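Novice: Residues per chain, in single letters:
There are 2 protein chains.
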Amino acid sequence: MEKIKVGIAGYGNIGRGVEKAVNAAVDMELCAFFTRRDPAALQTNTPNAKILSVDDAKSMQGELDIVILCGGSATDLPKQGPVFARLFNTIDSFDTHAKIPDYFTSMQDAAKDTLSILSVGWDPGLFSIMRQLSLAALPTGNDYTFWGRGVSQGHSDAIRRIGGVANAIQYTVPVEEAVQAVRDGKNPTLTTRQKHLRECYVVAKDGADKDRIEREIKEMPNYFSDYDTTVTFVSEEELKRCHSKMPHGGMVIRSGSTGENQHVMEFSLKLDSNPEFTASVLTAYARAAVRLHQEGKRGAMTVLDVPLSYLTPEDPAWQRKNLL
Amino acid sequence: MEKIKVGIAGYGNIGRGVEKAVNAAVDMELCAFFTRRDPAALQTNTPNAKILSVDDAKSMQGELDIVILCGGSATDLPKQGPVFARLFNTIDSFDTHAKIPDYFTSMQDAAKDTLSILSVGWDPGLFSIMRQLSLAALPTGNDYTFWGRGVSQGHSDAIRRIGGVANAIQYTVPVEEAVQAVRDGKNPTLTTRQKHLRECYVVAKDGADKDRIEREIKEMPNYFSDYDTTVTFVSEEELKRCHSKMPHGGMVIRSGSTGENQHVMEFSLKLDSNPEFTASVLTAYARAAVRLHQEGKRGAMTVLDVPLSYLTPEDPAWQRKNLL
Numbered sequence: 001m002e003k004i005k006v007g008i009a010g011y012g013n014i015g016r017g018v019e020k021a022v023n024a025a026v027d028m029e030l031c032a033f034f035t036r037r038d039p040a041a042l043q044t045n046t047p048n049a050k051i052l053s054v055d056d057a058k059s060m061q062g063e064l065d066i067v068i069l070c071g072g073s074a075t076d077l078p079k080q081g082p083v084f085a086r087l088f089n090t091i092d093s094f095d096t097h098a099k100i101p102d103y104f105t106s107m108q109d110a111a112k113d114t115l116s117i118l119s120v121g122w123d124p125g126l127f128s129i130m131r132q133l134s135l136a137a138l139p140t141g142n143d144y145t146f147w148g149r150g151v152s153q154g155h156s157d158a159i160r161r162i163g164g165v166a167n168a169i170q171y172t173v174p175v176e177e178a179v180q181a182v183r184d185g186k187n188p189t190l191t192t193r194q195k196h197l198r199e200c201y202v203v204a205k206d207g208a209d210k211d212r213i214e215r216e217i218k219e220m221p222n223y224f225s226d227y228d229t230t231v232t233f234v235s236e237e238e239l240k241r242c243h244s245k246m247p248h249g250g251m252v253i254r255s256g257s258t259g260e261n262q263h264v265m266e267f268s269l270k271l272d273s274n275p276e277f278t279a280s281v282l283t284a285y286a287r288a289a290v291r292l293h294q295e296g297k298r299g300a301m302t303v304l305d306v307p308l309s310y311l312t313p314e315d316p317a318w319q320r321k322n323l324l
Numbered sequence: 325m326e327k328i329k330v331g332i333a334g335y336g337n338i339g340r341g342v343e344k345a346v347n348a349a350v351d352m353e354l355c356a357f358f359t360r361r362d363p364a365a366l367q368t369n370t371p372n373a374k375i376l377s378v379d380d381a382k383s384m385q386g387e388l389d390i391v392i393l394c395g396g397s398a399t400d401l402p403k404q405g406p407v408f409a410r411l412f413n414t415i416d417s418f419d420t421h422a423k424i425p426d427y428f429t430s431m432q433d434a435a436k437d438t439l440s441i442l443s444v445g446w447d448p449g450l451f452s453i454m455r456q457l458s459l460a461a462l463p464t465g466n467d468y469t470f471w472g473r474g475v476s477q478g479h480s481d482a483i484r485r486i487g488g489v490a491n492a493i494q495y496t497v498p499v500e501e502a503v504q505a506v507r508d509g510k511n512p513t514l515t516t517r518q519k520h521l522r523e524c525y526v527v528a529k530d531g532a533d534k535d536r537i538e539r540e541i542k543e544m545p546n547y548f549s550d551y552d553t554t555v556t557f558v559s560e561e562e563l564k565r566c567h568s569k570m571p572h573g574g575m576v577i578r579s580g581s582t583g584e585n586q587h588v589m590e591f592s593l594k595l596d597s598n599p600e601f602t603a604s605v606l607t608a609y610a611r612a613a614v615r616l617h618q619e620g621k622r623g624a625m626t627v628l629d630v631p632l633s634y635l636t637p638e639d640p641a642w643q644r645k646n647l648l
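Protein chains in written order, with the numbering used here: chain A, 1 to 324; chain B, 325 to 648.
Only chain A is shown next, with the shape it has when bound in the complex (with noise of 0.2 Å):
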């Protein structure tokens, strides 16, 4: 069986991790590097890859299979995505979740001879998978989704541009009592700041007035006010040892009934690596997109759409007799 011919635009944490993942698989071969960067600069892990500029990626048209598109939501995907939807077949993880139509949208128009699925990982994407299965299978009921315990880069970033401020990691945890109502079927209506506390392990730059800097966290609209907040300040040793993993997780939850029957329908994720497990569902979407492509489908697609048993490369039969 000729072995799929791989590309990876982008080489931060998930870049890295889809590498990890592309060259475990039994099925896939790693053959290009999207950087934009100086394609002469970057190092990788995979020495038989060649590493091409962003802006070289038309002369690989043709020789790959799909390239595994590895930037951020916020300006690199709508940028790239559909760049690179016109000369290949893609997957991202985009996950900005408000602007998923519009992003569908541009893929679609952008991916007229190629296949293209976007916002796979978890959250969009497994998380997608579990609130449309537990709604087809409880269409009375309410879900919940709760994220944590686990990095956000974003309120990490938001900590980071405070004045005074050296470093910072923030976890996002989910309230205990919370979920337990929810697991106990009493479908309660949360509001955000009972559904989620913020962890801040903050290190201050000498002279610091540390007062400011919480009072500041606690008070910033959107990313902390509405939640109860914890700061913490610590050396930027202890933060190194103590806080440089990006775990994250979360769960989906559906509590349902059929009459008088109650149901609750539970999916949830423990992860070590937040980066390493999402480029891990977006290597086996890749290798679903390029079936797809195979079979004819052409456009837009999302995690909802992909038959589960493209996903893995055992065949139909043994996937029935072993996992059914």
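Note that these hints are calculated values from the structure, not bench results. One or more of the hints may lead you astray.
As the list claims (entries may be wrong) - Subject to a maximum C-alpha distance of 35 Å in a straight line, what follows is the list of computed DSBU-like cross-link-like pairs (lysine-lysine):
id: 1; chain 1: B; residue 1: Lys510; chain 2: A; residue 2: Lys195
id: 2; chain 1: A; residue 1: Lys50; chain 2: A; residue 2: Lys5
id: 3; chain 1: B; residue 1: Lys569; chain 2: A; residue 2: Lys186
id: 4; chain 1: A; residue 1: Lys112; chain 2: B; residue 2: Lys645
id: 5; chain 1: A; residue 1: Lys321; chain 2: B; residue 2: Lys344
id: 6; chain 1: A; residue 1: Lys321; chain 2: B; residue 2: Lys510
id: 7; chain 1: A; residue 1: Lys5; chain 2: B; residue 2: Lys645
Keep in mind it's a predicted model, so treat the numbers as computed, not measured.
Keeping the supplied structure of chain A fixed, place chain B upon it in accordance with the hints.
Specialist: Only chain B this time, still in chain A's reference frame:
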């Protein structure tokens, strides 16, 4: 929009659950029941639906978009499945795991002009989806399926066949320490006995030798001898009062790694009524089967072949906006 015309074959616990789910669905109309009993004697809760003998199924060909087969896996479905699949699109909950490949072949042969999705429910069904999704996301790892706490009909029946037993209910119960070890990512090797307990509530006939009954239960091969089994004798009144519901549930847990990082995925169900929840899943897949048939798909399928967007009446744009 024209409603999906549904038939139900078999009016036991699952059939009654499907009746409830179809009548609650905004996009479905329950048109016919097929029964092996005397049609004139069958009382349903859907006065407008026809009641026919299974032997007269052919008379409804072309009148129904789908028939949901609600018979048992031991004898009903292997016989009825292919007969109905020649006439209608079908959904069933065939759950004899070891015989699924053979059943798939016989349904594939029968469904030449129709579409049949088999082995739908929660295991096989939603749990199969989770095993596939978690294998895709974590190719390096182990998965574990636990069932319960819930009533096993097969085990309850086995106890009832013992001399001196008037009635009995058996609960399958996951061993908490085993579940915890899996959740903690310890990847334990577990024997049958280490995974599940069996709790039996037994009504003895007047004058029956309870010691002998208890011994016969605990020593019964396949059903009980490989498990830690408890036997509690209760009155018929207590059995009715405390053990007449059909709760069930369970979990699929996969623990795996991406290099040095560990991840745990878990899907769990807590169901007040096993047959009603199963019926609800069958009904969602009935919707998918009709759409796939309209698109030209024919033959046998399982839950692994069905795009999840087909399971709910909401359109894909709504799903992307609200679920992704």
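Novice: Compare the structure with each hint and give your call.
Specialist: Cross-check of the supplied hints:
Taking the CA atoms of lysine 510/B and lysine 195/A, the gap is near 30 Å; set against the 35 Å cutoff, the hint holds. With a C-alpha separation of about 12 Å, the suggested pairing of lysine 50/A with lysine 5/A holds against the 35 Å cut-off. Using a Cα cut-off of 35 Å, the hinted pair lysine 569/B and lysine 186/A holds, with the two alpha carbons roughly 20 Å apart. Between lysine 112/A and lysine 645/B, the direct Cα distance comes to roughly 23 Å. Compliance with the 35 Å bound is thereby established for this hinted pair.
Between lysine 321/A and lysine 344/B, the direct Cα distance comes to roughly 32 Å. Compliance with the 35 Å bound is thereby established for this hinted pair. Straight-line distance between C-alpha atoms of lysine 321/A and lysine 510/B comes to about 26 Å, which keeps the hinted pair within the 35 Å bound. This hinted pair checks out: lysine 5/A and lysine 645/B have alpha carbons roughly 32 Å apart, not beyond 35 Å.
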